[in-house]
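Novice: The lines below spell out each chain.
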Amino acid sequence: MEVRVQNIVKQFERFPALKDVSLDIRSGELIALLGPSGSGKTTLLRLIAGLESPTAGQIFFGDEDASLKTVQERNIGFVFQHYALFRHMTVLDNISFGLRIRKADRRPAKADIRARAMELIDLVQLSGMEKRYPAQLSGGQRQRVALARAMAVEPNVLLLDEPFGALDAQVRKELRRWLRDIHNRTGHTTVFVTHDQEEALELADRVVVMSQGKIEQAGTPDEIYDAPNSPFVFSFIGQSNILPVRVESGQIWLEDRPIGVESAGTADGTANLHFRPHDIGLQDGCGGCLAGIVTTSRRVAGKRHVELDIGQQHARVEIELPADHPATEGSRVAFRPTRFKLFQA
Amino acid sequence: MEFGTVKRSQWRSPSVLPGFGLALGATLVWLTLIILIPLSGLAVRTSSLGWAKFWAIASDERTLKALQVSFGTAFVAALINVVFGVLLAWVLVRYRFPGRRIIDAVVDLPFALPTAVAGIALTTLYAPNGWIGAPLASLGLKVAFTPVGIVLALVFVGLPFVVRTVQPVMEEIDREVEETSATLGANRFQTIAHVLLPGLLPAVLTGFALAFARGVGEYGSVIFIAGNLPYVSEIAPLLIVIRLEEFNYPGATAIAAIMLILSFAMLLVINLIQAWSRRRYGYGT
Amino acid sequence: MAMALDTTIEQTALVQAATSESRVARYTLITISLVFLALILALPLAAVFHEAFRKGTAAFTSALQDPETLSAIKLTLIVAGIAVPLNLVFGVAAAWAIAKFEFRGKAFLTTLIDLPFSVSPVISGLVFVILFGSQSLLGPVLKSYGIQILFAVPGLVLATVFVTFPFVARELIPLMQEQGTADEEAALSLGASGWQTFWHVTLPNIKWGLLYGVLLCNARAMGEFGAVSVVSGHIRGETNTMPLQVEILYNEYNFVAAFAVATLLALLALVTLVLKTLLEIKFSDEIAASRRH
Numbered sequence: 001m002e003v004r005v006q007n008i009v010k011q012f013e014r015f016p017a018l019k020d021v022s023l024d025i026r027s028g029e030l031i032a033l034l035g036p037s038g039s040g041k042t043t044l045l046r047l048i049a050g051l052e053s054p055t056a057g058q059i060f061f062g063d064e065d066a067s068l069k070t071v072q073e074r075n076i077g078f079v080f081q082h083y084a085l086f087r088h089m090t091v092l093d094n095i096s097f098g099l100r101i102r103k104a105d106r107r108p109a110k111a112d113i114r115a116r117a118m119e120l121i122d123l124v125q126l127s128g129m130e131k132r133y134p135a136q137l138s139g140g141q142r143q144r145v146a147l148a149r150a151m152a153v154e155p156n157v158l159l160l161d162e163p164f165g166a167l168d169a170q171v172r173k174e175l176r177r178w179l180r181d182i183h184n185r186t187g188h189t190t191v192f193v194t195h196d197q198e199e200a201l202e203l204a205d206r207v208v209v210m211s212q213g214k215i216e217q218a219g220t221p222d223e224i225y226d227a228p229n230s231p232f233v234f235s236f237i238g239q240s241n242i243l244p245v246r247v248e249s250g251q252i253w254l255e256d257r258p259i260g261v262e263s264a265g266t267a268d269g270t271a272n273l274h275f276r277p278h279d280i281g282l283q284d285g286c287g288g289c290l291a292g293i294v295t296t297s298r299r300v301a302g303k304r305h306v307e308l309d310i311g312q313q314h315a316r317v318e319i320e321l322p323a324d325h326p327a328t329e330g331s332r333v334a335f336r337p338t339r340f341k342l343f344q345a
Numbered sequence: 346m347e348f349g350t351v352k353r354s355q356w357r358s359p360s361v362l363p364g365f366g367l368a369l370g371a372t373l374v375w376l377t378l379i380i381l382i383p384l385s386g387l388a389v390r391t392s393s394l395g396w397a398k399f400w401a402i403a404s405d406e407r408t409l410k411a412l413q414v415s416f417g418t419a420f421v422a423a424l425i426n427v428v429f430g431v432l433l434a435w436v437l438v439r440y441r442f443p444g445r446r447i448i449d450a451v452v453d454l455p456f457a458l459p460t461a462v463a464g465i466a467l468t469t470l471y472a473p474n475g476w477i478g479a480p481l482a483s484l485g486l487k488v489a490f491t492p493v494g495i496v497l498a499l500v501f502v503g504l505p506f507v508v509r510t511v512q513p514v515m516e517e518i519d520r521e522v523e524e525t526s527a528t529l530g531a532n533r534f535q536t537i538a539h540v541l542l543p544g545l546l547p548a549v550l551t552g553f554a555l556a557f558a559r560g561v562g563e564y565g566s567v568i569f570i571a572g573n574l575p576y577v578s579e580i581a582p583l584l585i586v587i588r589l590e591e592f593n594y595p596g597a598t599a600i601a602a603i604m605l606i607l608s609f610a611m612l613l614v615i616n617l618i619q620a621w622s623r624r625r626y627g628y629g630t
Numbered sequence: 631m632a633m634a635l636d637t638t639i640e641q642t643a644l645v646q647a648a649t650s651e652s653r654v655a656r657y658t659l660i661t662i663s664l665v666f667l668a669l670i671l672a673l674p675l676a677a678v679f680h681e682a683f684r685k686g687t688a689a690f691t692s693a694l695q696d697p698e699t700l701s702a703i704k705l706t707l708i709v710a711g712i713a714v715p716l717n718l719v720f721g722v723a724a725a726w727a728i729a730k731f732e733f734r735g736k737a738f739l740t741t742l743i744d745l746p747f748s749v750s751p752v753i754s755g756l757v758f759v760i761l762f763g764s765q766s767l768l769g770p771v772l773k774s775y776g777i778q779i780l781f782a783v784p785g786l787v788l789a790t791v792f793v794t795f796p797f798v799a800r801e802l803i804p805l806m807q808e809q810g811t812a813d814e815e816a817a818l819s820l821g822a823s824g825w826q827t828f829w830h831v832t833l834p835n836i837k838w839g840l841l842y843g844v845l846l847c848n849a850r851a852m853g854e855f856g857a858v859s860v861v862s863g864h865i866r867g868e869t870n871t872m873p874l875q876v877e878i879l880y881n882e883y884n885f886v887a888a889f890a891v892a893t894l895l896a897l898l899a900l901v902t903l904v905l906k907t908l909l910e911i912k913f914s915d916e917i918a919a920s921r922r923h
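Top line first, the protein sequences correspond to chains A, B and C.
For the first sequence, counting from 1, position 186 maps to 186 in this note's numbering; every step adds exactly one.
For the second sequence, counting from 1, position 14 maps to 359 in this note's numbering; every step adds exactly one.
For the third sequence, counting from 1, position 7 maps to 637 in this note's numbering; every step adds exactly one.
So that you can see chain A by itself, here it is in the shape it has in the complex (with noise of 0.2 Å):
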């Protein structure tokens, strides 16, 4: 089902936890809401969820306005990062739970709750464990009952809140994985929460990156990583350097020299240069570039991270070279950003 997000205001006490934030999702969209801790992802959530009302806005699950619903009448299927699973009861009782307390006019005959149980049992590979409780189960056991639980209603919506952060990083990766299948499979429209960029941008069909209560960009994984519209967004995924620069006439300028770079179109005056430290091309001379002497240089896996001291500033950048670069430390290193963005300062 469509959910979308209309001008939505959250006021808490005393901070606002989201400003007028719209969001379009689209059916069977796997969307990652994708920020630091107090953007306000958590609570945008939260309020999809009905478990927080909003103090001003909509929000619509196909045409209908959820926000005058209940919680219980949304009809969503919400996945908590410490599980939250009913520890008194089986792995089968906690999946079928949901259907298990609907009005007898709703609520399915009790062997096609059962068979619908084991179905999800058997989709969260957890056969032969419906009998067990929850404390008999790992953490990565526990998720997926939490999951299949969420999945029993039949949700319009399937919400989860930081559904790995707290899952050792093996597991957590097999779970991504498997999570991208099962959504594949069943289609449900899924939103999660976390702060964990490579998660986002692995599992997502769209990230919504989000900052002090506010949206800053939408789009998907490659939009996100490669045309970050805003300096938080380059900053906050992936690494980047950001160095003070001026603009004269399209040649960007770093202190007393221009680095090579054109910026056609933008604005003479000072700008501040964003670019990645893979996306770089080393010089040899320096007829406009950027120089700087090497302060650490460190293989890292395949490649080599260099640190470069650069201009009278002392600014530190971060570049990343083939890991046979035989740059060492005290010797000088040229390069060029070949794809960067410039941001006001």
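Hint data in this document are derived by calculation from the structure and do not stem from the laboratory.
For each residue, glycine too, the CB sits at the ideal point set by N, CA and C.
Among the hints, a few may not be true.
Covered stretches of chain C (chain B as the covering partner; in silico rule of three or more C-beta atoms under 8 Å from a C-beta of chain B) [as the list claims (entries may be wrong)]:
(1) 661-668
(2) 672-678
(3) 730-743
(4) 750-756
(5) 803-816
(6) 871-882
(7) 885-897
Below are the DSBU-like pairs computed for lysine-lysine, each with C-alpha atoms no more than 35 Å apart in a straight line [to be verified]:
(8) B:K398 <-> C:K773
(9) B:K487 <-> C:K685
(10) C:K704 <-> C:K773
(11) C:K704 <-> C:K730
For this one, chain A is given, so just place chains B and C on it according to the hints.
Specialist: Positioned in the frame of chain A, the structure of chains B and C alone reads:
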């Protein structure tokens, strides 16, 4: 030497802290003198009665009735305390209202107020001419000097046991569990009945057991309000005192032994239930 | 604008339903609780003071100046004055052994310490009657040396110690377990002796918890009725503690005097509650988490 080290570590893991011998020694000596010797005195005395005599006292009509009154009233009082104790804990944990802190403190009053004082106060209050007893009497209800009065006194002494056992567990309830239940469509009543209360069961059971055990043995607050009518409102501890005053030591000893055995058996059962709960659900109080 | 505001209120109400009860349900539950507490706890307490002053302040004060009552007060102070320090020392020793060391049989030892909680006070008294009574082995022997245990101060102290045995240890064990042994190990590694470590490191860490335990122990010691009643013999002016004096006066229909003595005990309870609450508010971290007694 090596053998010695191994042997030692079998019953205690090594530690650099001093004073283990002294502290444990003092504890054991004190424990033996104050608790173990006196209690084993009771056991020796009971066994020296012989089975026939013990059975004669145990199966005596008055003994049986007294035990029945003690255990029966304690059971009813503990049930009442479970209902109001859980309610009170809920109100104290979940709601904010003026005077909450004071109420919270007042719950401990039965721990602090001497039982004799509680006994005469409750009696005065619920006697047919008392503040509460009078209006009840006009309705034809008699509380003081009946088994109902015993239950009342036991509710008084047992209440904090339930509240203080359930309260900390309630404070730890994960809000997310309740929210999950709501997102799955459960209304508030369903969430409380199917999700919250079952999770509290081990704590409630413990509180019940503590209140029950305390009620069975309670003496001071009960004797004033009970009326102490043999076969009707005479509690087992009072019968022990009566037997003692008659210098009927075997009678007193036998009743005491029966009470102890029943209490310990009950505590054992409760412990087993909790161990089972911990094994199965991963929690228990 | 008015409409928007209405919507907001409605929405807030919807959300509250998720993890809380309706306002009506809340107030109903609070009211039931308060009425229950009033009937069971507050009114009895009020009745104590009301009855004590029923015939005026003069009757109240003269009742308290009765020599037998004064001697009961004195005896109560003496018994508590002996029993509480004894259990304090023992409680600290037991907590040190149990909380700071790992050894076999620890769970069993803890159970033994808790034992008096599950024994009827009357039985707690009875065991000493069996041990030291005229029909026992020990009683006549001690008597021949002129040592009187039952119906005398030693018996009262023994019964009180038995009943209040677990209070200090119960309070300290979870607290000291939580604190672990790192502080003590640090002190020892800095060259402190065992006693120095205890005085300068352990004791300051547990002082509020200790005070809390002593407070509860004392309240019980002064207020104990059943156990003391069995061993006291009820000799007026000699072996009656305050709770026993209350019983005697009450059974003699001397209600003003009975409630006058009861007010003193009730005040003790109130002071204990206030101090306990203050300790819980101010030093909640330094008091054991388990508040069960």
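Novice: Hint by hint, note whether the structure agrees.
Specialist: So, going through the hints one by one against the coordinates:
1. 661-668: It holds: at least three residues are needed, and the segment 661-668 of chain C offers 5 whose Cβ sits within less than 8 Å of chain B.
2. 672-678: Holds: 6 residues of the segment 672-678 of chain C have a Cβ under 8 Å from chain B.
3. 730-743: holds (count 9)
4. 750-756: holds (count 5)
5. 803-816: holds (count 3)
6. 871-882: Our answer is that it holds, as 6 residues pass the Cβ test (under 8 Å) against chain B, meeting three.
7. 885-897: With 6 residues in contact (Cβ-Cβ under 8 Å with chain B), the coverage given for the segment 885-897 of chain C holds.
8. B:K398 <-> C:K773: holds, 30 Å
9. B:K487 <-> C:K685: Between K487 of chain B and K685 of chain C the Cα gap is close to 27 Å, so the pair holds against 35 Å.
10. C:K704 <-> C:K773: holds, 25 Å
11. C:K704 <-> C:K730: violated, 39 Å
Of the numbered hints given earlier, the model fails hint 11 alone.
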